[in-house]
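K.L.:
Residues per chain, in single letters:
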Amino acid sequence: MDMSEKGIPGYAGKFLRVDLSKEKLSEEVFSEETLRKYLGGTVIGIRILYDEILPSISWNDPSNRMILASGPLGGTTIPGTGTFSLVTKGALTGGCTSCQANGLFGAYLKFSGYDGVIIQGQAKRWMYLNIKQDEAELRDASHLLGRDTYETDDIIKKELGKREGEMSVVSIGPAGENLCLFAGVFERKGHSASHNGPGAVLGSKKLKAISVSRGNKQVKVANPDKLKEIADNVRKNASAYRGTIGGVYSGQVSGRGTLPIKNYTTNLWSISKDDIEKFSEPTMRQRYNPKPNPCWACPATHSTTMTIPEGPYAGTVIDEPEYEQLAAMGPVIDIKNVDEASMLSSLVDKLGFDVNEMGWAIGWTMECYERGLLTKDDLNGFEMRWGNAAATRELLHMIAHRQGFGNILAEGVMRASRKIGGDAAEAAIYTMKGNSPRGHDHRTSWGEMFDTSVSNTGTIETHTSLTAQPPYHAGAGNPQGTAEGVSLTKGILVFSDSLGSCRFPTGLNHPLLTDATNAVTGWDLSYEETKNIGLRAVNLMKIFNLRAGITRELDLPSTRYGSTPVDGPTKGVSIMPYWNSMVRTYYKLMGWDEETGKPLPETLRTLGLEHVTKDIW
Amino acid sequence: MGRLRIIGKETNLMHYETVQGEEELNWIKNNDEQTDKARQMFQKYFMKGWIAYTVTHDNKKKQIFSFSPELEEIVLVPIVSGG
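Read top to bottom, the protein sequences are chains A and B.
Anchor point for the first sequence: position 327 equals 1445 in the numbering used here, and the numbering is continuous, going up by one each time.
Anchor point for the second sequence: position 74 equals 639 in the numbering used here, and the numbering is continuous, going up by one each time.
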């Protein structure tokens, strides 16, 4: 049975394939057997990537794929199901990447009759893809070149005669056009799928944007009563959720050492009570005049449009900054003025960058300048002192356009630091695969440092429940527990990312997500089966990456990322003496060869992946 | 005798800085009243999305998806997630 014949509940029924080289559009249908095994979103995306490209190709090879997909929950009444997953071979690591953006795109895709889009090839001229109900077209994008992600959204809606809410636009900014390796993909002004350089991949394909109109197709649901019960519960949780905007404030006042400060040179942030208070959630909401800009079906106080109220950036309209944005443009680079941090985080979105990598890149530049490892001349006349927002603003534009020192930073923090070399190379925060971590000081959160460093995607691949517990949380505790925790929970996050749902309203509740999937599709997947769906993708990614040359030696943090805190609650405590034994434990518990990390034939057989065994054994 | 540990009971979902608190519940596998109570407690937290795992006598951990009175020790911990 295929989707188009019988109409599998939860699915629109087809994927759109776009060959940019041939300017050819076609439709593809997956069997129910395939969907039950790979669901949608991240997992089906990984399956497509694995099947269709050689791991050895470069990220900018025209044969690289980008898959943007919703999943069976997409466009249902469950809050936050406008999310889509993006899968490609990433520009920073050269391995698989998977990241998600919330908003409306995933839901609108399904309402227009598509579960996902597979992009391949390279256009001869800049284009954008416009998806309408059951049809699509490639349009000229030459007039969009140089436009930021906010402007692109506005221009496309205007020229296609769509009002806000009638269309979702996914686009790249100047960073993606100019192939900055940490360029992201942005939906509706501020929702980003940006880890590991997907914006650069789209830029290499000369695809500026994808627009999708809100079609009128309904998502068929097998058990509406059960889905309603689940959606009502999720809505209740979502209504109480107020976002991560206050995370910098709570991170500072908690004193737990998880706030990333001045490129990891310290674990203690010197900031006045008045200044940190302005980073708090109530104060920001009071000062910034938020207007609701909700994601699909979601009542959370999380997605709003704000306006900077005063000072040199007064009147600047921004998407509500999340924790990681304010961390990257705040404590990481020692900017203590919340208006400056908000302006910069918004500029990062508009230019089309991943904000975490940008924070580490600017933080590294500032540290090098303060230590005399980079001079004013090296930096095109800018004094990149800690907290210099005006200079940072100019440098962001230079990176996006690959001008001057910006051309070096456009390669990402690992490559930039290696190019400068010497002591500067030791000061950069990244994993040896080439990506950088999310916006925390992971030296006090071993689970996340370990997961980030050993993951396939270039960012977290699991949640860190077990390792976040005391005493592990303090970072001084249990290395084996950390490795066990990361392996034990692997699969659930990736399963969640296959559904087309946001992580926040569902709280990554594994039984709830499984029950919701069954309610929508009419299947009877067990909790263990849904975890295995996620593990299937994790193992496929691992094999893909090994074949791409990403071997055990790269499952490691950089010198600074894995350094020993000089102050704060974990002063003098390092994870590194335990690292090799942790990796060995992790591989063993994942069912992988302890030395090489190759998934064992028995593991692949258990997951129904015996057909790929020959690829590595 | 079996043991059910609930770690991080006071956790505010999504904010791992607030993880604290621990509750413990014991049962004898042939005691219906005790196993029912443990099963209910397990179900309450499991359905909230908490991760459950069992710890065997040789200190091996294995994720579980249902309660069994035969298990020696079950630990429940809250999800801590990132965006």
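Simulated from the structure, these hints should not be mistaken for laboratory data.
All figures in this text were calculated on a predicted structure; none of them were measured in a lab.
One thing to keep in mind: the hints can contain errors.
Here are a few chain B residues that sit away from chain A, every Cβ distance over 10 Å (derived from the structure) [stated by the list, open to error]:
| # | residue |
| --- | --- |
| 1 | E589 |
| 2 | L590 |
| 3 | E598 |
| 4 | T600 |
| 5 | R604 |
| 6 | Q628 |
With a straight-line cut-off of 25 Å between C-alpha atoms, the simulated BS3-like cross-links for lysine-lysine are [as the list claims (entries may be wrong)]:
| # | chain 1 | residue 1 | chain 2 | residue 2 |
| --- | --- | --- | --- | --- |
| 7 | B | K609 | A | K1344 |
| 8 | B | K613 | A | K1706 |
| 9 | A | K1354 | B | K627 |
| 10 | A | K1346 | B | K609 |
| 11 | A | K1346 | B | K627 |
| 12 | A | K1155 | B | K627 |
| 13 | A | K1706 | B | K625 |
| 14 | A | K1354 | B | K613 |
| 15 | B | K626 | A | K1706 |
All C-beta atoms, glycine included, are put in the ideal place defined by N, C-alpha and C.
K.L.:
Each hint needs a verdict: does it hold in this structure or not?
P.N.:
Comparing the hints with the structure gives:
no.: 1; hint: E589; in the structure: holds (14 Å)
no.: 2; hint: L590; in the structure: holds (17 Å)
no.: 3; hint: E598; in the structure: holds (25 Å)
no.: 4; hint: T600; in the structure: holds (21 Å)
no.: 5; hint: R604; in the structure: holds (15 Å)
no.: 6; hint: Q628; in the structure: violated (5 Å)
no.: 7; hint: B:K609 <-> A:K1344; in the structure: holds (19 Å)
no.: 8; hint: B:K613 <-> A:K1706; in the structure: violated (29 Å)
no.: 9; hint: A:K1354 <-> B:K627; in the structure: violated (32 Å)
no.: 10; hint: A:K1346 <-> B:K609; in the structure: holds (20 Å)
no.: 11; hint: A:K1346 <-> B:K627; in the structure: violated (33 Å)
no.: 12; hint: A:K1155 <-> B:K627; in the structure: holds (23 Å)
no.: 13; hint: A:K1706 <-> B:K625; in the structure: holds (12 Å)
no.: 14; hint: A:K1354 <-> B:K613; in the structure: holds (13 Å)
no.: 15; hint: B:K626 <-> A:K1706; in the structure: holds (13 Å)
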